[in-house]
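K.L.:
The task is simple: from the sequences and hints, build the whole structure.
Take a look at the letters that make up each chain.
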Amino acid sequence: MDLAYGEEYERFREEVRAFLAEHGKDAPPQFSRGKSDAQSRAWQQLLIERGYAARTIPKEYGGYGAEPDVLKAHIIAEEFAKARVRAGHIGDDRLVPTLLELGTEEQQRAYIPPTVRGEMRWCQGYSEPNSGSDLASLSTRAELDGDEFVINGQKIWTSGAQHADMMFCLVRTEPDAPKHQGISYLLFSMDTPGIEVRPLVTMTGDASFNEVFFTDVRVPASQIVGRRGEGWYVANATLKHERGGLGDPNQAETRFLHIVDMMRNETIDGRPLMEFPAYRDRLLKLQGQMLAMRFNGMRILSHAIKGEEPGLPRWIVKLNGCEMNHQMAGMAIDLMGELGVLYHGSPHIRDSGLWQQRYMLDLGLIIGGGTAQIQKNLIGERALGLPKELKVPPQA
Amino acid sequence: MEFGLTEEQRMLQESVSGYLGSACALTRVREAAAASDTKPADVWEGLAQLGVQGIVTPEDYGGVGLSMLEAALIAESLGGAAAPVPYVASCVMAPVALTQAGSAAQRDAWLPRIASGEAVLGVGLTEQIGRRESAGIGVEDGRLTGRAMFVLDGMDADTFIVADNDGAMHLVRAADTDRRALKTIDRTRSVAEVACDSATAEVLPGSVANREPLLATVDAGRIMLAADTLGAAQTMLDQAVSYAKERRQFNRVIGSFQAVKHLCAEMAAALEPCRSLVWYAAHAVRAVPGESRLMACHAKAHLSEVGRFVARTATEVHGGMGFTDLLGLHYWFKRIGFDRQMLGAPEIVREEAAVAQGWIEA
Ligand SMILES: Cc1cc2nc3c(=O)[nH]c(=O)nc-3n(C[C@H](O)[C@H](O)[C@H](O)COP(=O)(O)OP(=O)(O)OC[C@H]3O[C@@H](n4cnc5c(N)ncnc54)[C@H](O)[C@@H]3O)c2cc1C
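So the protein sequences, as listed, match chains A and B. For the first sequence, numbering that gives the first Met the number 0 begins at 0 and goes up steadily by one. For the second sequence, numbering that gives the first Met the number 0 begins at 0 and goes up steadily by one.
Since the hints were derived computationally from the structure, they do not count as laboratory data. Yeah, the Cβ is synthetic: ideal placement off N, Cα and C, and Gly gets one too. Don't take each hint at face value.
Stated by the list, open to error - Chain B regions said to be covered by chain A (calculated; three or more residues, Cβ under 8 Å):
no.: 1; region: 235 to 249
no.: 2; region: 349 to 357
Claimed, not checked - One-sided excerpt, in silico: chain B residues whose CB lies under 8 Å from chain A:
no.: 3; residue: Gly-3
no.: 4; residue: Lys-260
no.: 5; residue: Glu-265
no.: 6; residue: Trp-278
no.: 7; residue: Ala-286
P.N.:
Take a look at the structure:
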């Protein structure tokens, strides 16, 4: 056990802090949606110049071009979270790593720089009405016609499609191959003729995801990542990156501190909530879980520094992290009692109704990116070595 | 930055677990439990060869002088084997109390004998955490009168460390008290009720009007109980998983049923982060003293909750077999149940965690 980061890293942490102290005020609000605005782009540009965003993306692709250093990346994430300042991005943390790993040089040059600058926005076209957890059964067709793919079919739950410039999409190119071997991974512009985006209103009342319909959408054959029929493996590289991000312990820590403030400041009959043992006990139970996940995260980090695969500690992060965030939101609502139901600009509202919003969004995150049940299958089968279910022959 | 165990720490744990695996397998646990033997001589001797009893005792006193983390790794191994060993109080709490509050003469007299395994000390501090009935000990002219109700490792000890009503700790010989065994669900460790009637005692001078040594002793005990639960729960989970891979019903192994698979996944998801929490809490005692009390509380409370969940769930995965004496799973179930209540059940310990971070006044 050695919790010290060492002099080089402590100095680096000081640099990050100094940067945040000086420039943090120029950052755009932490969470904002929609098309990227000028302020966000300027902020991203500054972060790239300083090496706090797109840090390991090669310079010729618009990044900072540093050698990968897990600890520095961790310090940056931690300090930005602590300061509650909007962190930098690499444009799309699912697509960019996938392109770096598997894209052609031409694709890398064309897409990574504008994506990293925040000028090109992507959406993920995987799920279909009949293919969610069983994603490999997807049926959106792409047929080669000369040197173009012609796409027909439908995607659903596509987050951000209404604002996106581009889609990375899974399509079936080999209908006669076994289901995992007949899929290809395509990149195309959302302006391509034949694409129709219909926003779907979610339970929060916003339209954050969409249905996307394809009618004879023509995409040059060179827009494929990997080879024909290998899309499933390309997508799994992407899913791997996504799974790491959901359930991030830093987020739970920030929320937790917010709830502690609420316990101190909200009152019932003039007494702060912190004085009520039942609330306190619930808060402390969450703190215990959160600490366990914090240290689990440090253990993962240690493995990552050494280039090792952490195994079980990593497999549980999405399941536990998303569940914990959801429970925190639920607790915050309960702390507010009647005030907890106020929404959308009501008098007396606390935190602009943020906690109800989160309580719903977090449920979405428990479902999205591989549901909790699918996570449990993965933990059971991949980490504990339990056998797969008996296969049921397809129904006629 | 390295959040994990060193090679030496891994080897230490493997050697203790390896030894227990052969010398203290379930049949041995069963025999000892049936005979109410919570300190089988052969196991005690074997562990002494590995330095277990002296793990935290300073080298100057014949101990190994290692940290709470090594001590926790041993506690985890002992819990993993459900080993009948008076470890928590005698090998960890007592040396902490003596090192922090004992006089030079007391340290000289006791620490080397604890480290060699020759002396066993029981520790009774429960009344300073939460008094039940009218227990408690008063002091008059240096003599003790009253009761310490739950003296850990108390039936294996020839001397106790008990706290008086002001929180000062005293050494008192078993022969000068009236001791009786309390029967608990866990037959692998002993608890005694110790009654004193003007008993001769020696105060640990550093604990007079200074609560710190007592609290440090309790913290150490809590971390050990948490680690013991971690080991015991891991054993139960491992057994449930291997049973689920073997047992067949409806023409297939039960682990292929999601109802069973998901129970196993839930246990693993709850238990795995506990390992990091216990490591950190143990490491913090020396390395991050400002956080150590809070972390000891959380390790104890959180492991109690997760331990209970794993204990009942792993039993359930075994079906009727889990409920039998034959399989022996219940030794771990009871071990976890015992750890949960000792030195403060979860709600009590969480309240202390609230105090430790200044959320409320003590
Ligand atoms: C907020 C949000 C954003 C999303 N964004 C995107 C996006 O940008 N792009 C995209 O492509 N998709 C996106 N999705 C879709 C998401 O990936 C799917 O919703 C998810 O994979 C589940 O698929 P489904 O909705 O079809 O549910 P189903 O697969 O129909 O699942 C329904 C229920 O059955 C259970 N179930 C299914 N199969 C099994 C099994 N084998 N074992 C046990 N239980 C099972 C599930 O756990 C669930 O409880 C998003 C979803 C949400 C909620």
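K.L.:
Does each hint fit the structure? Answer for all of them.
P.N.:
Here is what the structure says about each hint:
1. Chain A is given as covering the region 235 to 249 of chain B, and this holds because 3 residues of the stretch bring a CB closer than 8 Å to a CB of that chain, at least three being needed.
2. Only when three residues or more bring their CB closer than 8 Å to a CB of chain A does the claim for the region 349 to 357 of chain B stand; here the count is 4, and the claim holds.
3. About 5 Å separates the beta-carbon of B:Gly-3 from the nearest beta-carbon of chain A, less than 8 Å, and the hint is met.
4. The restraint placing B:Lys-260 at the interface with chain A holds, with a minimum CB-CB distance near 4 Å, inside the 8 Å limit.
5. Interface restraint check for B:Glu-265: the shortest CB-CB distance to chain A comes to about 7 Å, inside 8 Å, so the restraint holds.
6. Below 8 Å, beta-carbon pairs count as interface contacts, and B:Trp-278 has one with chain A at about 7 Å; its hint therefore holds.
7. Hint on B:Ala-286 holds. Least Cβ distance to chain A is approximately 6 Å, under the 8 Å limit.
Of the numbered hints listed earlier, not one is contradicted by the structure.
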